[in-house]
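Asker: The residues making up each chain are set out below.
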Amino acid sequence: MDMNQYLSMFIDESNDHLQSLNENMLQLEASPDDLSIVQVIFRSAHTLKGMAATMGFEDLASLTHKMENVLDLVRNEKLKMQDYIFDTLFKSLDALESMVQDIVEGGEGKADVSSIVSSLQAIERGEVAVAAPAAAAVPDHSAAVTGIELDEFQFSVLSQSISEGHQVLYIQVKLRDDCMLKAVRAFMVFELLERSGEIVKTFPDVQDIEQGEFEQGFTLYMITQKQAGDLQDQIMNISEIEMAQVIALDQESLQQMNQRNLAAAETAAAQAPTLPAAEEKPAVHSPVNAPPAVKAPAKASSAATPSRTIRVDIERLDVLMNLFSELLIDRSRLEQLANEAKNQELTDTVEHMSRVSSDLQNIVLKLRMVPVDTVFNRFPRMVRDLAKSLDKKIDLVITGAETELDRTVIDEIGDPLVHLLRNSVDHGIESPAERLAAGKPETGTVNLRAFHSGNHVFIEIEDDGKGIIRENIVHSAVKKGVVTEEEAAAMSDSEAHQLLFAPGFSTAEVISDVSGRGVGLDVVKSKINALGGNVTIYSTPGKGTNFSVQLPLTLSIIAAMLIKMGSEKYAIPLSSIVETGIVKQSSIRTVHGSRMIPFREHHIPLISLSRVFSIPSYNEADEAETEIVVIRKGERLAALAVDDFIGQSEIVLKTLGKYLPAVQGISGATILGDGQVALILDPNAFIK
Amino acid sequence: MGEEIKVIVFTLGSEEYGIEVDKVQTIERMMPITRVPKTYSFVKGVINLRGVVIPVIDLRGRFSLPEVEPTEQTRIIIVAVNDMQVGFIVDSASDVVDLNSDSIDSPPEVVGGIKAKYLRGVAKLSEERLLVMLNLSEVLNKSEIIQLEGLEE
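Protein sequences appear in the order of chains Z and X.
Heads up: the first sequence is residues 1 to 688, going by the numbering used here.
Heads up: the second sequence is residues 1001 to 1153, going by the numbering used here.
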């Protein structure tokens, strides 16, 4: 049987299943005991397996089969979902995704998945230890922490020290994996700490540590007068130390920590596999590094009602759009002719046709609208992985995923958003320890919001992290030569924040896995600007940062003001018009060689469109009064002198063609009702 | 023997020029043109060709020949080269001829004042009839044209 005709259907459906698997796995991670989610996941995997087997993609089918086996155990409560099982399953999903991608590109969906398969088989057999390497890539400090437990005496000593004004520190040290002399390093740490204060309790016991009988890390409580940060630096100065976390405790956090550790120790003892259970309440104040919980958007109904949609090639929609704009042009011609002919029946018919075609226009436009969900749905997984690799705890809260945007915008907006989200996760949200020290909940929140406002869609990424420290940006910008020191000093805070978008600017001091790959936020800004949108930053130090992206609803149709300049007609996008008005010649002043008019409390420049564009048939200087259009670029305003207003209209954007890619002051063209081409002004070009 | 090619013949002044037929999309009568400010002087503007906006070039202007008023014979030849759609305004477009690529000689030093690099060669149709073959990608090449002034008043 020839399978080719089913291939595209297979690919589409596989992608749908993989997406739903990803989403549901994330949900399951947030509530690991919900077996109904496991059922959904199992069914999805089962369908995928069946489809792959039918199409002859054996590798794909066998990997899904192994996943199914594991899920089957979970579903029948023979296996409890745990951190490393999630990791392995997510890895399997990634492998499946790359296989499907290979099929899309014409391959046979083959991939070497032997290590994942053996991990899955090990899980299936209940051999936890073999499966553990799958999770080993993420440093697992939690294993070292869960056992630390204070007895009553130690607890009261610590608690009393706090009330007497001493510092009680909780210190977690991890040695590098390749550390040769663990006991020596540990001894050096202890020696250092004993000089600074008194160690109350260690885990493992001091004897064990001295004999090197511990994994890669140890934890301890101590009483001291020194500052947490200083001690941390000192510990880090010892070689072969990978990580040192020093957290100052107050009464409340001491209490919580002890309780939590007691509880964790109990559960750990009760469970046969010794790995820690996934943390369920991210709000608990605790420095324990449990996997981050990422909330997936609530999608209650999606599983129940299959969406009744068909897939259409976007190019066909473009053709439809073009044909439709032809129809609109003919419609206006017909209207004109009917007016002249003064035949009642003709007029009625034309009017009816006009109404039908207006409805048709709305439908055609709506066909191109897609919910931002299609972009957002890959973010929960991404944030989960990022948070894990950065050892942070992050809640991603998505709202307004149903907001619709033009397909062409949707296709372009994904990458910039990924970049902004990464920025929030990497630079915005602090590590759990820093957050606790700053008195914030350990889990950071990143809000991803989409909403309509007027003719625009806003997408906001807001974190409750450390915010932007003006000095850091300014310092870095001056160092990199983006601005001079004097310019920087004169900037307002918000102007300074915008420096983040300057080309060649990146505050990342250390190149991490997540950012600092040489792609700065300037690329994000230019991409969004190219879409006709705008991005702004609001930030409060210590409170968080908000990136606000403003996008046009659609790229192909905009609302514009049509104006006349002698015999020529131009369109000005409504989005950049502040207002229209009339000024007398007598109120035009000349300041420093340029003409200004009073507008509200200020004077703004008056630009003569007829002179800039050398329009032959009109000059506003011949008139006593001239119509103006006040346009805006960001905060700055200017007025364009025009001949006459024709009126507001929805116009279909067209490019000037490849031969004229960039004409100054012109952003494109549109075809008017009479079939004539009118140029669209680019107001940004008029304001420097 | 070279290959047979079909060529659209058009005139500028007294000269006859040729463009390979596979580069030509349509030939249109003169139609309203919207002027585009701030561009090259030989770009007459843009037209609406059945819903697509296409720039039109006055070929006389491009070759620095004196410009003339459009007449009944004036045509716009829509060509497509390297993904670019452009219209050429010509004095008239009359004919389609077959010729052998062997009959195209390399361009002489000077032909009717047009720079030789715009020309692919000269084809001899008969004793009296010479056809100047255009090198379209050079005609549409803008790199030699000086930058236009900014948007200042």
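Hint data in this document are derived by calculation from the structure and do not stem from the laboratory.
Source: prediction; values computed, not measured.
Even glycine gets a Cβ: it sits at the ideal position worked out from N, Cα and C.
One or more hints might be untrue.
[To be verified] Pairs of lysine-lysine residues, derived as BS3-like cross-links and limited to a Cα-Cα distance of at most 25 Å, are as follows: (1) Z:658 / X:1142; (2) X:1023 / Z:658; (3) X:1006 / X:1023; (4) X:1117 / Z:688; (5) Z:342 / Z:366; (6) Z:658 / X:1124; (7) X:1038 / Z:569; (8) Z:91 / Z:78; (9) Z:49 / Z:80; (10) Z:569 / Z:479.
[Stated by the list, open to error] Partner residues are not named here, just some residues of chain X that face chain Z (Cβ under 8 Å, in silico): (11) 1006; (12) 1083; (13) 1137.
Asker: Is residue 1117 of chain X within 25 Å of residue 688 of chain Z, Cα to Cα?
Answerer: Violated: residue 1117 of chain X and residue 688 of chain Z sit about 40 Å apart, past 25 Å.
Asker: Next pair to validate is residue 1023 of chain X with residue 658 of chain Z; report whether the Cα-Cα distance is within 25 Å.
Answerer: holds, 16 Å
Asker: Would the hint linking residue 1038 of chain X and residue 569 of chain Z be met if the CA-CA limit is 25 Å?
Answerer: holds, 16 Å
Asker: Does residue 366 of chain Z sit within 25 Å of residue 342 of chain Z, going by the straight-line distance between their CA atoms?
Answerer: violated, 35 Å
Asker: Given the hint that residue 1006 of chain X pairs with residue 1023 of chain X, test it: the Cα-Cα distance must not exceed 25 Å.
Answerer: holds, 10 Å
Asker: Does residue 1006 of chain X pass the interface hint, meaning its C-beta sits closer than 8 Å to a C-beta of chain Z?
Answerer: With a closest approach of 25 Å, the residue 1006 of chain X hint is violated.
Asker: Are residue 91 of chain Z and residue 78 of chain Z close enough, with their CA atoms no more than 25 Å apart?
Answerer: Given pair residue 91 of chain Z, residue 78 of chain Z holds - Cα atoms ~22 Å apart, limit 25 Å.
Asker: Given the hinted pair residue 658 of chain Z and residue 1142 of chain X, is their alpha-carbon gap at most 25 Å?
Answerer: Roughly 12 Å between the alpha carbons, so the hint for residue 658 of chain Z and residue 1142 of chain X holds.
Asker: Please check whether residue 1083 of chain X passes as an interface residue: C-beta within 8 Å of a C-beta belonging to chain Z.
Answerer: holds, 6 Å
Asker: Taking only the CA atoms, is the gap from residue 49 of chain Z to residue 80 of chain Z under or equal to 25 Å?
Answerer: Judged against 25 Å, a Cα distance of about 23 Å means the pair holds.
Asker: Residue 658 of chain Z and residue 1124 of chain X: Cα distance at most 25 Å?
Answerer: violated, 34 Å
Asker: Does residue 1137 of chain X hold up as a contact with chain Z if the rule is Cβ-Cβ below 8 Å?
Answerer: Violated, about 12 Å.
Checked against the numbered hints given earlier, this structure breaks hints 4, 5, 6, 10, 11 and 13; the rest are met.
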